[in-house]
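So the chains spell out like this:
2 protein chains.
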Amino acid sequence: MSDKYSVIGKSVPKMDGRVKVTGQAKYTGDLKFPNMLVGKILTSPHAHARIISIDTSEAEKLPGVKAVITHKDVPSLKYGISPARWDENIFCIDKVRFVGDKVAAIAAVDEETVYKALKLIKVEYEVLPAVFDPEEAIKEGAPQIHDEYPRNINTEIHQNFGDVEKAFAEAHHVRTDRFVGNRTYQCPIEPHSAISIWEGGKLTVYSSTQSPHYFQYYIAREFGLKMGDVRVIKTYVGGGFGGKLEPTGLEFCGAVLSKITGRPVKMFYDRHEMFAHNRGRHKQIMEITTGVDKNGKILGVHANFIMDGGAYTSLGIATAYYAGAMLTLTYDFVNYKFDMIRTYTNLPACGAQRGHGAPQPRYAFECHLDNVATDLGIDPIELRKVNARQPNTITPNEFKVNSCELAECISKAKEISGWQQKKGKLGKGRGIGIAVGSFVSGAGYPIYRTNLPHASAIIKVHEDGSAATLYTGATDIGQGSDTVLCQMAAEAMGFRYENMKIVAADTETTPHDFGAYASRQTLMSGSAVKQAGEEVKKQVLELAAEMMEVEVSDLDCRDSAIFVKSDSEITKPFGEVAREFFVRKGPLVGKGVYAPPKLGGKFKGAPVGTSPAYSFAAQISEVQIDEETGEIDVQEVWDVHDCGMVINPSLLHGQVHGALFMGMGESIWEQVLFDDQGKILNPNLGEYRMPTAMDMPKVTSALVESYEPAGPWGVKEVGEGATIPTMGCYANAIYDAMGIRVNSLPLTYEKVWRALKEKREKEKVSVGV
Amino acid sequence: MSDKYSVIGKSVPKMDGRVKVTGQAKYTGDLKFPNMLVGKILTSPHAHARIISIDTSEAEKLPGVKAVITHKDVPSLKYGISPARWDENIFCIDKVRFVGDKVAAIAAVDEETVYKALKLIKVEYEVLPAVFDPEEAIKEGAPQIHDEYPRNINTEIHQNFGDVEKAFAEAHHVRTDRFVGNRTYQCPIEPHSAISIWEGGKLTVYSSTQSPHYFQYYIAREFGLKMGDVRVIKTYVGGGFGGKLEPTGLEFCGAVLSKITGRPVKMFYDRHEMFAHNRGRHKQIMEITTGVDKNGKILGVHANFIMDGGAYTSLGIATAYYAGAMLTLTYDFVNYKFDMIRTYTNLPACGAQRGHGAPQPRYAFECHLDNVATDLGIDPIELRKVNARQPNTITPNEFKVNSCELAECISKAKEISGWQQKKGKLGKGRGIGIAVGSFVSGAGYPIYRTNLPHASAIIKVHEDGSAATLYTGATDIGQGSDTVLCQMAAEAMGFRYENMKIVAADTETTPHDFGAYASRQTLMSGSAVKQAGEEVKKQVLELAAEMMEVEVSDLDCRDSAIFVKSDSEITKPFGEVAREFFVRKGPLVGKGVYAPPKLGGKFKGAPVGTSPAYSFAAQISEVQIDEETGEIDVQEVWDVHDCGMVINPSLLHGQVHGALFMGMGESIWEQVLFDDQGKILNPNLGEYRMPTAMDMPKVTSALVESYEPAGPWGVKEVGEGATIPTMGCYANAIYDAMGIRVNSLPLTYEKVWRALKEKREKEKVSVGV
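Line by line, the protein sequences are chains A and B.
Under our numbering, the first residue of the first sequence carries the number 1, and numbering increases by one thereafter.
Under our numbering, the first residue of the second sequence carries the number 1, and numbering increases by one thereafter.
Think of the hints as simulated: they come from the structure by calculation, not from any bench.
None of the hints are false.
A pair holds if it fits inside one copy or across any two, identical chains being indistinguishable in the list.
Think about it this way: if two alpha-carbon atoms lie no more than 27 angstroms apart in a straight line, the pair counts; the simulated DSS-like pairs of lysine-lysine are:
(1) Lys20 x Lys202
(2) Lys759 x Lys422
(3) Lys226 x Lys585
(4) Lys400 x Lys585
(5) Lys572 x Lys226
(6) Lys538 x Lys585
(7) Lys422 x Lys698
(8) Lys10 x Lys202
(9) Lys61 x Lys116
(10) Lys20 x Lys32
(11) Lys585 x Lys598
(12) Lys78 x Lys226
(13) Lys26 x Lys202
(14) Lys20 x Lys226
(15) Lys226 x Lys10
(16) Lys202 x Lys572
(17) Lys538 x Lys226
(18) Lys297 x Lys385
Treat the numbers as computed from the prediction; the structure is a model and nothing was measured.
With the rest of the complex left out, here is chain A:
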């Protein structure tokens, strides 16, 4: 009993590992119900068009078709996950706003019939001029997408902290750069699917969701049901990355089709439809100006951004705020100005993707700072160390940072990457680059019902003491939260992890939790779980004290063994006391609840809120460029993370690997492309180029230990934080390898090749002169 902890801090196996690798795990798409129908949605072929008429009569006549619905058959209440901008309808009423907008839906006895029936619906459109570029969209005279939003401005933010103009005036050097991000898509391996069963005035939905409780709220609201009459059950989920946080047409249309037919209705998006539904990464156009003193100390920053939101709001308001808000976390400066316009365009709506609004601005800022370092002749690492945020500080936008080992992350990354030996000394076409990042550990304000606690948990010990079940609304979508939360429960109870069970994420059987987003579960859900476990332990030790005739204060429990602290040879099995507890007092249950501290600041009232804690990371990558072809070969990458106490090192490193993988894709290859009519050109995994395992570089995932006072046992997040520096770190290494900067994502081979060609031509011209 020498280790401080017996369960946490260890790489125990994943709770669901075995059922997943053996194919036992049932995803929503695997479920079947008697008499189940298949539903599909008819979508718009035009990016912007007025609906003149919809004729469903031929489709209705097709044998096997059980229901055909349009906007006339569904509530007209607008929905959306951002209450400040409810701008979507289940079906378009007056016009369609992007290629893929929802027009009608059909339920039929099988897939073949439903696809055949879709083709029989006749929709007459009057095609309208469309706009696809965010900068074009806000110009006077551009096509108006939503009547309520002039100049297609969905969200506009103008914030000013300190005095940026004064800082620039006093600066030794002021520089402005402009970067352009890319529209990417999460591409979870499991497509969205939902099975809706509406019977007896109650609706049950099996769904591939990141948050059953969010789904429950929004579905109940749309149909005017009490929340208790809507049950949302999360099955196993094959990834979400932000794209499965909001209910989709699958849930809304499925509910209506089930209500009309009286039968269960399964709906799913195929890969093409997933791309059209989208809710992936916003493309941001980012102009950043920074003033520094002669040592590189940042005096002021102005971020002036515009983002393409697509046709609807989705989570975009939060995205817009996050884009600016999280720029202030890593470096210590007081003067900050942030301007942002999120525009509507006639493209699929963008939403939250791993890292939410932060990765592209961070990419821009980190590239921009490398440019500043070059201007000043300072090593990029030195520039970052001069400015690195210290613990227990407050950002200009009043984010309260407790633990922060960013400086140490940078130093360690420098050391393990061999930066000193490599920077400026690598051969032709080879480069090394650094970037840093930071991310929230949960949002201080949820999107709805803002006065609710964010997480709660119940633990019930089985009556013979042999096992305990954790009931949580937190959602494991592949990241391993079931495992981490069971480790926390076991640690808090003094129980063996091997004997933990979990019931997770079913609005009817598990207590409220907002689910998987904003990297909130380890800290927030974990806090509730710890409290529940401690309540169990307290009750067990009180009874054990009676049974063992010792003072309760002299008892502790670990790994299911209760022992006398002053003489650890005197022990009693947890199970024996738990069983006796049941005999004497009934069920042994512990409860926990978590609400974040009320942290105000300038962002008070803004949708993003503030977080109880922030993770920090530094990443360095080394790349090789083929100057003939532009091919980018990422050789190696080092991530050094400050994520507080680590509950499960294996899962943590898994998160880092995944983030580096996704970040590499977004940096070099990934981009959703459209033709001039707004139609996606590459809506499939063949043409939308994600990295494969073969593309992965050598990865070193390292840690700097810290203790976060706001988190249970000192934890913070890692799931999204590791994506934040990635694009900047690759871009800076590529810049280092090329000696010239490509200012837009993705940094494709073609762009590299063109840039190098242009550079060579310029050099020739200059030599020629």
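Given the coordinates of chain A, assemble chain B onto it according to the supplied hints.
Same frame as chain A, but now just chain B:
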């Protein structure tokens, strides 16, 4: 708010009615898992034989066969649901003891393969002499079935209360009758099935079970697993009637086959195999002697019984005790002697069937008393009224009876049946008969882990207050306990029934409860549920008092509305307070637990234990006999029940209808028949003649209100009690119609015809003389 109760006492719809009638409900047989194998058991073709050799090599070679197991591959630990007589092995080791005894099992990829493979196993037997008759079995020199049990005596009971010999000596009239019961089978509409998934040292079993917690205990014990490593999940169950209380070869073989193959294994009994597995009603041979005074007051009773237990114990020890113990409940006498031998025979094992050991002895006693009444020239009803038990009395075998309205039940049955106008005045071939009965409301001692509470419950209110979930290990097997327990939860909480949800009977997610047997759930599980609901209500009212600024003692809650008792216009919705509770204090949870009072008596330590409460009933039936064919046509039947407070009248009447239906089958048609080699002749629903809806007489189900102090809100049982008088009541009516008594069950048309023929012949002879 004038009614005393807002939820209980009302015929609310069944929780699961809709999913069952629409075919949505999933029974174990409906479930599918990836890579699932099908398992089947090879059984013995001989009633008694030594196993010389088993050759499985050909079966193993068949493509698609994944495992073949015999006794060499499984634990040799004996099991059985009666700990005092563990006498079964997963597979027979030395010899087989009935046609259907388990010899080997196979798992294969599909049914076709597994059936083909079964035929390839070669078993060499040495056939032994067998014994099928219980009276033959106990004779010296009879074939010995189990070495440990000489003379094939499985259980022997000899009890003496008071002084029966003295009572008989002092009696005005003493009479002895002998009756022979029938071996019947429960025939639940859903065959037994189980899916076993053994992975990572843990076993999950989906099963058609009356008691997941019993199954968990016995399966864990057999395989040396911790209980927490065995999860038993009850799916929807299509009836049990006692036959699904103990785990079967399906669970034991399935577990081993899954462990060996690493794949889920589904096993099921077909209708034939259900009959062979049996565990149905014991055939009892019953000799009863009663001494009465000249008014018919019973002075003493001697019951001398022998029962055919079949090849194994099953629940037979309890059956044997119940057979004698429950005879004392209905009539007030002090001198009682009970002798019972339960024998082993080479037939399928008998167990507990609705009413357990009580219906046949009750049939014998009620027929016998009618004979006594005839002897004395007293009306059968008058005889019963003279002797009827009064409330707050103790039986000779020290069963403590609280509420008891038997006398009133008899009076009411007499009145509504028109007994006075009919008895002795019905035409030729028509008769009317009465019988009474009583049954336990739960057994005082469970079969295992006797110091545990019997039931526990947890209620969690959803965080928005719109619904509440009851977690219970009580099992709804069709009788409607989910509905009744949710009504009780809602009543105790002051909540609306419509907003109740239930999670029932999964050892991993619900608290301990012994399950559905001995008519225990309404009283025992209901007590735990009431306590849990009251704990929720207390917490809600305390917070409401704060919020409303009134004394908590001045608040009450009903139908989800909290109101000030002194001014019921001042109200607050339950949901609002529940939500605020979550905000301030976290999950709103209530817990309840129930252990029966320790009631001793002479039966202390005997397996049957004593019950906290007893139901009472009187039944009258009117029948028409076709004297030419012997056909019995039950015209009408009246049941008057004292089952305490009624929670759901519709469900109660449903139980009565079902009991009268089953009792009619057992009285007139049903009997498992064997050839002279011990092979069942009628193991299917075509040849085993259960009644159909077309056979049902007109039924009147009436109540006498009572309040049972041992039950929550005064409840007692009805599920089994209604079967107790049934056979006697039909038999007495048939006797009344025929003027001659057939002393064995079933009272088939053939027996009636033969008896009438014999009677006519005797009359002819006597007229001739």
